[in-house]
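Asks: What follows is each chain in one-letter form.
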Amino acid sequence: MKTKIQTLHSQYLQTKRKDKRRVISCQLILLGLLFLSWELFSRIQWLDPLIFSMPSKVWNLMAAKIADGTLFTHASVTLSETIIGFILGTAGGTLIAAILWWSPFLSKVLDPYLVVLNSMPKVALGPIIIVAFGPGMTSIIAMGALLSIVITTLVVYNAFRQVDENYKKVLLTFGASKRQLFHYAILPACYPTIISTLKVNVGLAWVGVIVGEFLVAKQGLGYLIIYGFQVFQFQQVMMSLIVIAILATVMYKMIESLEKILMKRISKY
Amino acid sequence: MLSLTDVDKVYLTENEAVQAVSSINLTVENGEFVSFIGPSGCGKTTVLSLIAGLFNPTSGKILMDNKEITGPTEKTGYMLQEDYLFPWLTIQKNIELGLIITNLYNEQTKKDAMTLLSDLGLDDKANAFPSELSGGMRQRAALVRMLAPKPSLLLLDEPFSALDYQTKLKLEDLVFSTLKQQNKTAILVTHDLSEAIAMSDRIFLFSSRPGTIYRVFDVPAEFKDKLPLEVRNDPNFHLFFQTVWKELEKVENQNSNTS
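Just so you know, the sequences run in chain order A and B.
My numbering puts the first residue of the first sequence at 1, with every later residue one more than the last.
My numbering puts the first residue of the second sequence at 1001, with every later residue one more than the last.
Just so you know, these hints were derived from the structure itself, not from any lab.
Mixed in with the good hints there might be a few duds.
[To be verified] In silico DSS-like cross-links for lysine-lysine, where the CA-CA straight-line distance does not exceed 25 Å:
hint, chain 1, residue 1, chain 2, residue 2
1, B, Lys1075, B, Lys1246
2, A, Lys169, B, Lys1150
3, B, Lys1075, A, Lys178
4, A, Lys169, B, Lys1224
5, A, Lys16, A, Lys2
6, B, Lys1168, A, Lys169
Required output: the full structure, derived from the provided sequences and hints.
Replies: Quick look at the structure:
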């Protein structure tokens, strides 16, 4: 009986593995086809090679830029701006949410301002930010942070308010102060929400940073794109896009695994 | 000793002002176990919250050991309908949290709490998380959390209502014997008349709109030292149950007539 169950289980696992292999091979084939047809269609002029370039040329350019180290410089500038921006946005948003939770009066006063700020397309503030912070890295980081700070504030503040009243009651019957309520019930109950905003904020910070670089930068991947566009060098635009796609995905995956680690830590407290 | 004199509580909302409870007068002796019963909306939980110091009465006085209650103190412990153990803390950390907040956290109180935890059969669960425990175990852990700061007055807000029947009967016995052993004063809010009779020395029957004490019953002396389950099986249990039941029905009818 037992061996029968074991064979059934190993068969089940085998079909699972097979299924997974099939999905992955299809994904790889699709990627290969995409690049292959891009190359092919550009060569036979179905796509305008001047605009869309082709993978082999993009690859050559990338190899050259890697070799002379410029790609690394540009990528690391953009990457660090993005990381700082999204950390500032998440931490700042959480801090503001905490202040709003602390003072119901202030939260009532600020409510319409938050609604306006949230509905407003933040990139429209770009010129103001550049004037305020100067044409440099500070402005770009500010753009990255600004995009995520308002939504973080709203989401986290809502989470703070929706913590089950009874958890607060447990602490209140022991005579807890407001600070203790926040420290022992409100904040830990909302860690999952805060961590999940990290994932959203990574994407938003990329948008802010790239737009910021479009506007002022002399370095970075956003700068490479806008420069390539202006001098009609679309190889460079394509290359930057590919690098951004790779970096953004890697970063998202890193945040995702960080989320898993943190969630485990929280439940193991 | 706990005493309430002419206690009124009005709840204010934008739409109306509701007289939740009015002219509540009662005293509870040290070591006594009393129950509040009554139809829903009769303000029994409001009175419990007032005694806990969660909010203050609109008028009237609440004295504990001749000192007015103006806020929560470590002298009262409160148990809710569900355990509300913090899911991100282990059982031990959950229990220690009460000690930390009441400023009573030290090696001795910590050790006492752990002793109580093993007395209640949860010594192997100290490092487990609440999600790994059954409902009955969780409520026992919540009992330890409440008792850890050694309160003298315990407020039990329908603590057995979320449990299945068997667990509830077992836990009634456990809570009863634990509280009697430590000579605690306790107030139990419940909608289960049998539970009130089985556990308490006196029963306060509330009527609603506005909530006020309608009658007080002395539970027969022969029940007082018995465990709740034994009381439920006592031949005289049903007789007393009927007496209180009639009054409870009167209160409910009175409410349905006026509304």
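Asks: Each of the hints needs a verdict: does it hold here or not?
Replies: Structure-based check of each hint:
Between the alpha carbons of Lys1075(B) and Lys1246(B) the distance comes to roughly 36 Å, so the proposed pair goes past 25 Å and is violated. A hinted pair counts as satisfied when its Cα atoms are at most 25 Å apart, and Lys169(A) with Lys1150(B) qualifies at roughly 18 Å. A threshold of 25 Å between alpha carbons decides the hint, and for Lys1075(B) with Lys178(A) the separation of about 20 Å falls inside it, so the pair holds. The suggested pairing of Lys169(A) with Lys1224(B) is violated, with an alpha-carbon distance near 31 Å, which exceeds 25 Å.
Straight-line distance between C-alpha atoms of Lys16(A) and Lys2(A) comes to about 21 Å, which keeps the hinted pair within the 25 Å bound. Restraint check for Lys1168(B) and Lys169(A): the C-alpha separation of about 23 Å stays at or below 25 Å, so the hint holds.
Hint compliance for this structure: hints 1 and 4 are broken, all remaining hints hold.
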